[in-house]
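Asks: Note that the protein sequences, when read in sequence, are chains A and B. So for the first sequence, numbering that gives the first Met the number 0 puts the first residue at 0; every next one is plus one. So for the second sequence, numbering that gives the first Met the number 0 puts the first residue at 0; every next one is plus one.
By construction, these hints were calculated from the structure, which means they are not laboratory data. All the given hints hold, so there is nothing to weed out.
Cross-link-like lysine-lysine pairs, in silico, BS3-like; alpha carbons within 25 angstroms at most:
| id | chain 1 | residue 1 | chain 2 | residue 2 |
| --- | --- | --- | --- | --- |
| 1 | A | Lys262 | A | Lys403 |
| 2 | B | Lys30 | B | Lys201 |
| 3 | A | Lys388 | B | Lys91 |
| 4 | B | Lys287 | B | Lys238 |
| 5 | B | Lys201 | B | Lys367 |
| 6 | A | Lys364 | B | Lys91 |
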Amino acid sequence: MANVIKLSAADLSGLLSDRSVSSVEVTQAHLDRIDAIDTGVHAFLHVAGEAALAAAARIDARRAAGEVLGPLAGVPIAIKDVLATIDMPSTAGSKILEGWIPPYDATVVRRVRDAGLIPLGKTNMDEFAMGSSTEFSAYGPTHNPWDFDRIPGGSGGGSAAAVSSFEAPLALGSDTGGSIRQPAAVTGSVGVKPTYGGVSRYGSIALASSLDQVGPVTRTVLDAALLHDVIGGHDPLDSTSLTDTWPSMAAAARAGLADGALKGVRVGVVTELNGDGFQSGVSQRFTETLALLAAAGAEIVEVSAPNFEYAIAAYYLILPAEASSNLARFDSVRFGIRVNPEDGPLTSERVMAATRDAGFGPEVKRRIILGTYALSAGYYDAYYGSAQKVRTLIQRDFEAAFAKVDVLVSPSAPTTAFKFGEKMADPMAMYLNDVTTIPANLAGIPGMSLPMGLAPEDGLPVGLQIMAPAKMDARLYSFGAAVEALLEASWGRTLLSQAPELAPKAMSAGTASTSTEGAV
Amino acid sequence: MKKAELMDYDKALELFEPVLGFEVHVELNTKTKMFCGCANEFGQGANTNTCPTCLGLPGGLPQVNAKAIESSIRLGLALGCEIAEHSRFARKNYFYPDTAKNFQTSQYDEPIAFNGQLTIELESGRLVTVDIERAHMEDDAGKLTHVGGATGRIQGADYSLVDYNRGGVPLVEIVTQMIEGGEADSPEIGRTYVAAIREIVKALGVSNARMEEGNVRCDANVSLRPRGSNVLGTRTETKNVNSLRSVERAVRYEIQRQAALLHAGGTITQETRHWHEDTGITSAGRPKSDADDYRYFPEPDLVPVAPSREWVEELRATLPEPPAARRKRLQADWGFADLEFQDVVNSDLLDAVEATIAAGAAPQAARKWWTGEVARLANVSGVSADSLVQPVQVAALIELVVAGTLTDRLARQVLEGVIGGEGTPIEVVESRGLAVVSDDGALIAAIDEALAAQPDVLAKIRDGKVQAAGAVIGAVMKAMRGQADAARVRELVLERAGAAE
Chain A
0 MANVIKLSAA
10 DLSGLLSDRS
20 VSSVEVTQAH
30 LDRIDAIDTG
40 VHAFLHVAGE
50 AALAAAARID
60 ARRAAGEVLG
70 PLAGVPIAIK
80 DVLATIDMPS
90 TAGSKILEGW
100 IPPYDATVVR
110 RVRDAGLIPL
120 GKTNMDEFAM
130 GSSTEFSAYG
140 PTHNPWDFDR
150 IPGGSGGGSA
160 AAVSSFEAPL
170 ALGSDTGGSI
180 RQPAAVTGSV
190 GVKPTYGGVS
200 RYGSIALASS
210 LDQVGPVTRT
220 VLDAALLHDV
230 IGGHDPLDST
240 SLTDTWPSMA
250 AAARAGLADG
260 ALKGVRVGVV
270 TELNGDGFQS
280 GVSQRFTETL
290 ALLAAAGAEI
300 VEVSAPNFEY
310 AIAAYYLILP
320 AEASSNLARF
330 DSVRFGIRVN
340 PEDGPLTSER
350 VMAATRDAGF
360 GPEVKRRIIL
370 GTYALSAGYY
380 DAYYGSAQKV
390 RTLIQRDFEA
400 AFAKVDVLVS
410 PSAPTTAFKF
420 GEKMADPMAM
430 YLNDVTTIPA
440 NLAGIPGMSL
450 PMGLAPEDGL
460 PVGLQIMAPA
470 KMDARLYSFG
480 AAVEALLEAS
490 WGRTLLSQAP
500 ELAPKAMSAG
510 TASTSTEGAV
Chain B
0 MKKAELMDYD
10 KALELFEPVL
20 GFEVHVELNT
30 KTKMFCGCAN
40 EFGQGANTNT
50 CPTCLGLPGG
60 LPQVNAKAIE
70 SSIRLGLALG
80 CEIAEHSRFA
90 RKNYFYPDTA
100 KNFQTSQYDE
110 PIAFNGQLTI
120 ELESGRLVTV
130 DIERAHMEDD
140 AGKLTHVGGA
150 TGRIQGADYS
160 LVDYNRGGVP
170 LVEIVTQMIE
180 GGEADSPEIG
190 RTYVAAIREI
200 VKALGVSNAR
210 MEEGNVRCDA
220 NVSLRPRGSN
230 VLGTRTETKN
240 VNSLRSVERA
250 VRYEIQRQAA
260 LLHAGGTITQ
270 ETRHWHEDTG
280 ITSAGRPKSD
290 ADDYRYFPEP
300 DLVPVAPSRE
310 WVEELRATLP
320 EPPAARRKRL
330 QADWGFADLE
340 FQDVVNSDLL
350 DAVEATIAAG
360 AAPQAARKWW
370 TGEVARLANV
380 SGVSADSLVQ
390 PVQVAALIEL
400 VVAGTLTDRL
410 ARQVLEGVIG
420 GEGTPIEVVE
430 SRGLAVVSDD
440 GALIAAIDEA
450 LAAQPDVLAK
460 IRDGKVQAAG
470 AVIGAVMKAM
480 RGQADAARVR
490 ELVLERAGAA
500 E
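Same shape as in the complex, but just chain A:
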C-alpha cells in the first residue's frame, strides 16, 4: 500500500470504493500524520480523532453492507474553524469564542458529513478571518510546511498547511478577500473561491457578508472540484444563495484533461495585477506559465481593468463596515466568554465592553473601529457609499474583460510566503498582499489558485490565479485542470512532491529546511 496520506482524494476515492483500503485506515494514517508533525505545523486548533475514527468505521460498515456511497465517502477532511460544527469547538481563531461548541452544523459541514466525508478537526486561521498570515490567530500562528519561519498565508493558513503537509487530503476554507487563494499560493496547494452565492454561508461565522464565500482547499484541481460538488448548490437558509442548477465541477475538471483542451481558449492577462510591487520570481513564473499556455494553443490577450487600482481602498471600507456590524453579537450574553470589568459597577454595557476588550485581538479591534467610523452619519456617503460605487466599477471592468476573454489570469499573490513578523507592524503592507485576490470578491466572481512553480530566489511556491465570469465555476475547473496537467508535465512531478519532508514530533518552529532543490 502506497503511503495513503500522499494520495489525492480522487485516488483515495477509488481505493475506498473498491475496498482496497478502509476509511478507518485512511483516517488513522492522517491522524498519525497530524500527531507526528502538527506540533510544528500547528494547522489544527482541534483534532477529533475518536469521532473521526467512529465516522470512518460507520462508512466502512455501510460499504461492507453493499451500500453505494458518494465519491468522497470515507475521505478525511479538515474544517476551517470559521465553520460551525455541532461536535467540535468553533472559535474562528478568536479568544472570545474559546471553547464554544455550536448547537448546529454549518450547511457545508452538514453536506460534507452527509456525503460521508470524515471531519478530522478544525483548522487555524486569523481571528475572524482578518489577516493574510494566521499571525492574528488568538491561538498562535500556523507554520508554512515549506519553511517554518514563514507564514502559511491567511486567513485560512491552517487549512492550506494541513493539505500541503499531508495532514488531510481535503479542507474547507472561506474567502473574503483571498483567504482561500493566497494561502493556497504560498503553500503550493489548490484553493477555490466559488461564485458568490454558489456555496451556502449558513453557519459560516461572518466576516463581511457580501464578500464571504466558502470553498475547497486541496492539492489537486480535480479534488477541489469533487469537494465543490459536495458543498455547492442552493440552501434556503442562506438568502443570498443562488437557486441555479450547477453542472458537475468534477466532470468539468476531467473535461479539462482532454487533449487540446487549451486550444483556442482566450486567456486575459490583467495588466494591473502584475508588475510593480510583484516579487521578481513570481512575475517570472507567471510569464513562463503564459508561454506554456500559448504553446498549448491558448490565445493570450492583455486586458486592462483600470478600476482595480481602487479595489483595496473600497474593500477596506466595505469589509470593516460589515464586520463591525457582524461582530456586534459577540457580547457575552448568549455564548462565548464573559469578562467582568475589574472595578466599577457590573452593568450589561460594561460587561460587554470588558468582554470585547479582552476577547478581541488587535486586528479585529482595528477593523471594528474602521468600520464603525465608515458607517457613521456624515461619513457614510463618502466612505461606504463611494466604496459601493467602486465595487460597481470593478464589476464593469470584469464585464468588459470577459467580453474579450474566457478566463483572466494573474499571480495569486504578489509575493511568496513572507517571514513571521515582517508585516505585523504595518497593516497596509499586510493588506496589499491581497491586491490580486480582492477584485474577485468585490465582483462576486469565482477564482482559483493553483501552483505554478517555485520562485527562483527563495524556492517557495508561487500561485497562479484564474478567474471566470460569475456562475462559470465549471470553466475554472476545466481550465485549471488543463493548466495543472500542463505544468506538471513540464516539471515531470507535482510541486508538493518537492516540499520538505517534515520530521515527526521533535520539530519546533524553524527547524524545517527550505527546499534546496531550487526552482522547477
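Using the hints, position chain B against chain A.
Replies: Here is chain B on its own, set in the frame of chain A:
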C-alpha cells in the same frame, strides 16, 4: 412633574400649538418569525422558540418570511400607501441585551410602503386626515425581565433575564408625518388614530391587535410651538403607550407639562419618556438627539424585496371594507342610536355583535347582552369580552330568552355555565335544570299554597288592591327558586284569587 405643577390645559393651548407624531408598532400574527422558522407565539417556556438565527449565534443567517411581506403590503395598501417596487432591509446598529444580533434588521431609506393617508373621525364629527410617512418591516427584540428591584425597572435590579421568544417576531412600524392643527383635539386625535390603526390591522387579520399583549404599541411624539412662531419646538417621545386611553392621557399630560416648563422659561429636553399608567404621568427616559447614530446600512445577508405590480394588485383586491365605512354601514343596518353604537365600538365588540346578529339574534338583544352581562363578567375576570364566549352561543342564549324558555335572570345563570365550560346554552339549561317552569299545574299549587298562607293579602286582592299581589308573587317565585315567568305568575295569582271567591 407633579400634576399640580402642570399648566392648565386651556391655558396651554392659548399659549402653544401642539404638534404631534406617532410611531405605531404592529406585531404581525404570522405562524413563524420574520427571519427564521421559529414559531411566533406567546406563552411558551422562555427561550424555547429560538434558533441560531434569532438568537444571533455566530453563523446564523436570516431568511425573509414571505407571509410577513404580504401582510406588510396589505397593511400599507389599507393605509393608502404606495408600495415600493424595490425595497430593502437595513441594519440599525445598537448594543442592547434584548437585541440578539446587537442590530435590528429594519428598513431605512427604502421602506416597503410610503406616502399614505388615514382619515379619522373624532367624537365631535370632526374629520382629521393623518399623513402616513411610511410603514416599514423589522424584527422585534426579546423581552427583558429585571429581577430584584422594587419597580421592575432596570434601575435597582440585581440582575436581568432575557427571553428571546419574542426576538425576531415580525413588526410593521407605521410612522406619521407631523400632525399640525390638532389644537384642543390633539389628545383625542392620538387615541382615535391608534384606534383606527388597530381596527385596520384587525380587519386585515394581519395582527391579533391586542394592545394589552403588546401587539400594537404606540410611541407618541409631542412638541409645542409658541403661538405666532413658525419654529417647531423640541419634541419628546413617550414610548410604549399601550392602551387607547393612555395615548390620550399621555399626549394631554405632555402638552401640559411642556407648556408649564416653557412658560417658566425652561427648555424641553429631546428625550424618550416613560408613561406611568398608575400615576398618569411621564418620566424622563434616555436623551435622544437627531444625531443618534444607528449606522444604518443595507442588510447584506438579504436580497432586496421587489414585489411585482401584479401581486400588489392581487393583494389590493383582498382588502376588507375599510373599518370606518363598515361602521357606518353596520350602524345603519342595525338601527342603533349613536350612543348605543359607540358603546359597542368602544367596548371593542363590533365583530362579536355582528357575528351574533349573523347567527340569528336581534341587533338590540345582541348589543344588550354583549355590552351588558358578557362585558361585566369579562371585566370581573380581567379578560376581553370576545375571548369569553362565542357569538354563536350568545345568539343561542338570546333565542332561548325570546322563546320564553329562559327569563333574563335565568339566562344570566346559563351564560355563566356556558362560560364555565359546561356546554352550549341548551346543554346548560338541561344539566342545571334551569328552564322556566311553564307547567301551570305546579304554579297553581304553589300559588294556592301562598294565598292560603296570606289570607290578608288575598282579601286585599279581592278588594281590588291588585298591587298587593306582589307579596304572593314573591313568595311563589321563591318557592319556584326563580324558575318561573313572573308575568305568568302574576296572571295566575289574580286568576286564583278570583277563583277562590
